[in-house]
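Use these hints to put chain B onto chain A, whose structure you have.
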Amino acid sequence: EDKVVQSPLSLVVHEGDTVTLNCSYEVTNFRSLLWYKQEKKAPTFLFMLTSSGIEKKSGRLSSILDKKELFSILNITATQTGDSAVYLCAHRGNYKLTFGKGTLLTVNP
Amino acid sequence: EAGVAQSPRYKIIEKRQSVAFWCNPISGHATLYWYQQILGQGPKLLIQFQNNGVVDDSQLPKDRFSAERLKGVDSTLKIQPAKLEDSAVYLCASSEEINTIYFGEGSWLTVV
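Heads up: the sequence lines are chains A and B, in that order.
End of the first sequence sits at 109 in my numbering; the numbers just go up one at a time, nothing left out.
End of the second sequence sits at 112 in my numbering; the numbers just go up one at a time, nothing left out.
In case anyone wonders, no lab produced these hints; they're calculated from the structure.
Each hint should be verified, as a subset may be incorrect.
[Unchecked claim] Calculated lysine-lysine pairs in the DSBU-like style (CA-CA distance at most 30 Å, straight line): (1) Lys11(B) <-> Lys37(A); (2) Lys41(A) <-> Lys62(B); (3) Lys3(A) <-> Lys62(B); (4) Lys62(B) <-> Lys40(A); (5) Lys44(B) <-> Lys3(A); (6) Lys40(A) <-> Lys78(B); (7) Lys44(B) <-> Lys67(A); (8) Lys41(A) <-> Lys11(B).
[As the list claims (entries may be wrong)] Residues from chain A that keep clear of chain B, each with C-beta distances beyond 10 Å, as calculated: (9) Ser7; (10) Glu55; (11) Ser62; (12) Leu70; (13) Asp83.
Being a predicted model, the structure only gives us computed values, none of them experimental.
Beta carbons are placed, not taken as given, at the ideal position from N, Cα and C, and that holds for glycine.
Only chain B is shown next, with the shape it has when bound in the complex:
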């Protein structure tokens, strides 16, 4: 079974630039999550989709972050403009039931 796919794996950008991350969940998984993991901390939920609807985006900094999941499958997470404190790993995950959440390898962002 193919896992959660993310790209790019690594990205280095300058502050105030924009960046986009892509996620393809496991086939058939209705729920998709984006987590931000800053070095030394646990993952923090940014946004959760159920099919193509948003379930929870309470911790998404909406002035600079946006995410969409058109057609209820793939998802993109965009940051514009990026700040130094956005340097983190962005983890995409998907699940059929929350107890069996599967994570992607992550997209490592460095803002300089």
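So here's chain A without its partners, still in its complex pose:
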């Protein structure tokens, strides 16, 4: 059974700080790794990382995939209060997404 582990489970920072969220995975057939942001509603898609695309960047958010060490990180620079959310990492298998438990990020003013 595919397994996705995220750390830390929760994190509190001040505006302007840089944060790194971790995601490790043990899967039988790696296809891709996805990052989602979840506020008090449905998860919204951030990035997809595959063997052919191991680094993605969008504004203050960036993510890398290390296929050898089986992990991914999500970086957020110059954090803002609007970044407060649960960040979910998920592995895409053949037919489904397997999610980690998420990291609850709280950005204080």
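Just chain B now, with coordinates in the frame of chain A:
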């Protein structure tokens, strides 16, 4: 483009009662998913449909949960009888390709 629609948004029931959730996926999406998200955890797949056939229901507690997708469009998820540990958000999602999965707003269930 209309998103994934779910109802009801919120439901409070007593244990041993039954509840049903409805989902209308994005038009044309063949794949429909029901996820259960318990507070503090990531979403867990309950069942996945491809058109009106079941692809994966290995984590669906079949003694109390059931789901159907008649005509390959709308879907309902039913819980009967509900237990306290069923309190969660039930997320419906749909996709054409798995990389572009779209989630609904979720149905928040509290069992008391």
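Here is what the structure says about each hint:
Distance hint between Lys11(B) and Lys37(A) is fulfilled; the C-alpha atoms sit about 24 Å from each other, no more than 30 Å. Only pairs whose Cα atoms come within 30 Å are accepted, and Lys41(A) paired with Lys62(B) is accepted, the gap being roughly 27 Å. Proposed proximity of Lys3(A) and Lys62(B) is supported: the alpha carbons are some 23 Å apart, at most 30 Å. Restraint check for Lys62(B) and Lys40(A): satisfied, since their Cα atoms lie roughly 29 Å apart, inside the 30 Å limit.
For the hint linking Lys44(B) to Lys3(A), the alpha-carbon distance of about 12 Å falls within 30 Å, and the restraint holds. Restraint check: the Cα-Cα separation between Lys40(A) and Lys78(B) comes to about 23 Å, which is no more than 30 Å; the hinted pair holds. For the proposed pair Lys44(B) and Lys67(A), the alpha carbon gap of about 24 Å is at most 30 Å, so the pair holds. For a cut-off of 30 Å, the pair hint linking Lys41(A) to Lys11(B) stands: about 15 Å separates their Cα positions.
For Ser7(A), the requirement that its beta carbon stay farther than 10 Å from each beta carbon of chain B is met, with the minimum near 13 Å. A cut-off of 10 Å between C-beta atoms confirms that Glu55(A) is not in contact with chain B; the least separation is 17 Å. The non-interface label for Ser62(A) is consistent with chain B: the shortest C-beta to C-beta separation is roughly 19 Å, beyond 10 Å. Residue placement check: Leu70(A) keeps its beta carbon more than 10 Å from all beta carbons of chain B (closest about 18 Å).
Distance check for Asp83(A) against chain B: the nearest CB is about 19 Å away, which clears 10 Å, and the non-interface claim stands.
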